[in-house]
Every structure is written in C-alpha cells, then in structure tokens.
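Protein sequence lines, in the order shown, are assigned to chains H and U. If you read the first sequence in our numbering, its first letter stands for residue 1, the second for the next number, and so on. If you read the second sequence in our numbering, its first letter stands for residue 1, the second for the next number, and so on.
There's no promise every hint is true.
Unchecked claim - Straight-line alpha carbon distances no greater than 30 Å define the calculated BS3-like cross-link-like pairs of lysine-lysine that follow:
1) U:55 - U:201
2) H:76 - H:212
3) H:105 - U:228
4) H:105 - U:201
5) H:162 - H:212
6) U:59 - U:201
7) H:285 - U:83
8) H:162 - H:285
9) H:285 - H:212
None of these hints come from the bench; they were simulated from the model.
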Amino acid sequence: MQVYLPIAEVSVNLFALLGIGGLVGVLSGMFGVGGGFLITPLLFFAGIPPAVAVATSANQIVASSFSGLLAHLRRKTVDIRMGLILLIGGMIGSGGGIFVFNMLKALGQVDLLVRLCYVVFLGIVGALMFVESVRALRRKPGTPGKSRKRKHSTWVHTWPLKMRFRTSQLYISVIPPILVGLSVGVLAAIMGVGGGFIMVPAMIYLLGMPTKVVVGTSLFQIIFVTAFTTFLHATTNHTVDLMLALVLIVGGVIGAQIGTQIGLRMRAEQLRVLLASLVLLVCGKLALDLLLRPDELYVIGTAAG
Amino acid sequence: MMRLVAICLALLAACSAACSPARAQEEVVLGLSQNRVQITANFDGSEILIFGAVKRESKIPEIPLDVIVTVAGPSRPVVVHRKDRVLGIWVNAETSEIDSAPTFYTVATTGPLNEVLSHTEDLRHSITIRRAVRSVGSGVADPGAFMRSLVRIREEAGIYRLQENEVEMDQQTLFRTRVALPANLTEGGYETRVFLTRQGKVVAHFDTVIEVRKAGLERWLYTMANEKSAIYAVLSLILAVAAGWGASAGFRLLRG
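Start from the sequences and build out the full structure, keeping to the hints where you can.
Quick look at the structure:
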C-alpha cells in the first residue's frame, strides 16, 4: 500500500515506513537510545529527500523522547536545573545549526555535510562502544569490572560562574554544560538527531554527573532542542512532513514495546556489542558511498529559494 | 497610396490562403478520460486515456497523417551537480542551473519521432524532450553535458518518456493513446498538446490542460505547511507530544 507524503512529494510504501519506524523503535527500546542517528539514513535509503528526512526525524524524536521522559520523571531521575542550562546552549546551537544548514543548502553541499557528520560521529561512537563492550564481555561474568570512580575535580570544575545542581550532586561552572548543549544543538539541526549518543558520554565523562540521572536529563533537553529544531525547519524550510512523522511515530511506539521485551532477556554487554556493530554498519555504508566512485556522477538538486 | 494598400491587402489575402490551407481543413477534436487528477493520501499514479478525432470538411488527403501527443508537468528551475573526487571523497564539484525543466514529460507518436516531425517544426513548437528543457547555460565549461544528464536521469526514472508508435490511429481520423502519470507528481497544470503532422510539418494542433491537485488531507497539510507554517509547526509538536504521552500511558495500562 502506497502513501503519498504531501511535503516530501513522493509516494512511499506504507509498510516500509512503518518498518523503519518499528525497527528504530525496537532499537530504542532495547538500547535506550532515541534512534535518530538511524532513522535519518534509513529515510535517505527509502528515497525521502534529505532535507525532509532531517526535519521530520526531529519531530519524531520529540515523540519518542517525551514518552521516555515521562518514565524518568516518575522515577525522579531528571535534573531539571541542569537540563535548563544545557537547553540554553542547545537553543543557540540549534539556531546556528539551522543557519549553517540553510547556507550549505544554497551551495548544494548540505548532503555532503550531513553524510560527513554521520560518518565521523557514528564512527567515533561506534568504535568506542564496540571496544568497551567487547572488553566487558571478555571479563568473566560474575566478577565485577573496575568501577569508575567519579572524579570530583576535573579541569572543568575550576571554571567561574559556579552553580549548585542538587539532583546531580554537583557544584560546577555553568559554562561546560552550555558548551555541551551548544554542540548537541548544532548536531540536532544538521543531522536530525537528538544527540543523546554524544550527550550521554559528555555528561558522564566531562561534567561528572551520576549515571542514573544522565539519561533522563538528556531526554529532557533533547525534547526542547528537537522541538525547537522542528519549529525552525517547519517555518524556514517547510520541510516537516506530518504524514511521514505520524507513520514513523506509530511504527516506533509499537517497536519500542517489542524492543523492551527483547532487551530484558539479553545481557547489557551483548546489547552494547550489537548496538555498536549496527552503528558501525551504518557508518561503513555511508563512508563507502563517499569513498567509492558513484555510478551516477550527476545529481539533480532543487534550485535554492 | 490607395493602390499600395490594395496591393498589400491582396498579397496578405493570397498568403493566408496559400500558407495555411491545411489548418483550415483539418482540426483536432480531443477527449480525455479525466481532466483532473486528485492526489489523495493513497494516490498511486494514474493513467490517462487521450483520444480524439480529426475533423475535416473535405476528402481525406492522399498523404497519411501522423499524430504527436505531449503531456508536460509544471516546469521548475533545477540545479544539476556533478560529483568529483576532492581529498579522497566524492563531493558535488560543479553545479549548473537549468532555467526550466518540466517535472514530467511524455511524448507519444504514431511513428518514429524523427520521421513524423521535422527539426524546424520541433524548434517552433518545442516538442521533443530535449527541446522541453530550457537553459541559457551558466558558469560551467560544458552546460550540454549537465542538460543531457538531467534528461538521462529523468528518462531512467520514468519521468521523461518517449513513446514512439504508441498512438493508435484508425482510418486517418480516430486516434488514441495512454499516458501513465507516476505516483510522484508535482501539483499544477499538465499542459497536454496534440499535433497533427504531415511529412514532418505540423498541420494542426490543439492544447488543453489536465489539472493535478492535492486533495483532502494532503491539500490541507500542504497549504498549512506553506502558508501557516507556525501553526503547522506547533501542530506537529502537539501531535508528537500527544503521541509520546499516549504511548507512555498506554503501555503503563498494558503492564498493569
């Protein structure tokens, strides 16, 4: 069954779209990630124009993150104050990202930028996660690994403008959270992702936040940044496709439920190896497209403006 | 002075009689299976039957008549990028802007196009695919290559089609053909032209328009996204938040 997407102006198989939404939902349920980094490239493969894919993914992430945030709010694992500080940076970054996005769109290089961002970030995150989880798997099950001691005085803790974050039990400068938020905001606008896969490690290793509040706080700020990104894309580029978003959300909601069930039956390390392999697979496919001589040297774009 | 005017008038009358005798004698009467295509949510392409007859006052002439049917979607400016290797990766190196290219184009004929249509008539009426794409050439060394690539890519995608020998003709009078509109249609007026040719010369032609419009939900969303984009943006966010909340609440109920 075909469905005609009013903004993308393409007709796509409804079940293929539900499948993409569902697949990403399964992953987000299994691994606790938003899945934006997968949904955007999958939409490229499905023939959705990149600009529409990026903007609509942002809208879909609002839905999946909101659902996740509600669960974290009930468990009181959200540092709202930290989230708000990250958000200030996020908004600035998102605005800047949209500006860069539109500028490169006019130059015809937006496709390259989006793909390069994907290859670089997926490559780094995938490789780090793969190495870390393979090491964890090699350790005999039962014997606990060396637990990381939370450092209370990294270099960022010497910066001015200190503020107390009670939920995170931190007393640090507001500049590093703003910078982290800023860079994630730029990525959200350019890549159409929530940026959780960058944000979570940054919060743990750079800001020294306790792991239990990291995911909830990251979701909190991702909702606002992606909502803001969606709003900007919708008002400046008119590239948010509600029909596409709706189908992806429905698929994602069902998939997330299945994913959670699978996740409960597997070991955390096995899950991480799988996720890392998947990230590297997507990264490799995108990298090959950039490195190998394409079959078709000419590409048709739409005229700017 | 009066004599000069009289001569001019006589010449004009003689010319109009001699230059287009066929035009007055043969006319196209056209019918379409539908003159309006509505793109709804489950739109999956559409096939249009274009049929008609040649109306004449006199006897059928000796030399056989040919028919050319063209359907053209709304024209848009298009940019074509050429990829090249820069620092080991393939990037869009050169860009050429093509002023106007139809979003859809089909030519159907009763015989091989180069036999039923002369080059001069093609220049005059812009019938072939190559003539339908217009460009003044810009900033690149070889604008022709970009133009040819555009036509080739769109031909491969089935957006531009040349259907030779696909117009059926009966008794030199009745003709019909089918034009398939793909699912990925752009909105607008689809200019439909029928040419009657004899020995490569156009003897009569007829133009009409097939309206392609988004309808229902598609129409509503598209209009809102472009005209009331702030409301549209808020609506998409409300939808996302509601879906997120719904999912969370629904699964809590399921788990008990």
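| Taken at face value, is the distance from the CA of residue 201 of chain U to the CA of residue 59 of chain U at most 30 Å? | Since the Cα atoms of residue 59 of chain U and residue 201 of chain U sit roughly 19 Å apart, the hinted pair holds (cutoff 30 Å).
| Under the criterion that the straight-line Cα-Cα distance not exceed 30 Å, is the pair residue 162 of chain H, residue 285 of chain H satisfied? | Violated, at about 44 Å.
| said: Next pair to validate is residue 105 of chain H with residue 201 of chain U; report whether the Cα-Cα distance is within 30 Å. | reply: violated (45 Å)
| request: Assess, step by step, whether the Cα of residue 105 of chain H is no farther than 30 Å from the Cα of residue 228 of chain U, and give holds or violated. | output: Roughly 23 Å separates the two Cα atoms, so the pair holds.
| query | Are the Cα atoms of residue 55 of chain U and residue 201 of chain U separated by 30 Å or less? | reply | holds (18 Å)
| field | residue 76 of chain H paired with residue 212 of chain H [C-alpha distance capped at 30 Å] | value | At roughly 10 Å apart (the allowed maximum being 30 Å), residue 212 of chain H and residue 76 of chain H satisfy the hint.
| request: Take a quick look at whether residue 285 of chain H and residue 212 of chain H sit within 30 Å of each other, Cα to Cα. | output: violated (34 Å)
| message | With the threshold set at 30 Å, check whether the alpha-carbon distance from residue 162 of chain H to residue 212 of chain H stays at or below it. | response | holds (22 Å)
| query | Holds or violated: are the alpha carbons of residue 285 of chain H and residue 83 of chain U at most 30 Å from each other? | reply | holds (18 Å)
In summary, the structure is inconsistent with hints 4, 8, 9 from the numbered list given earlier, while agreeing with the others.
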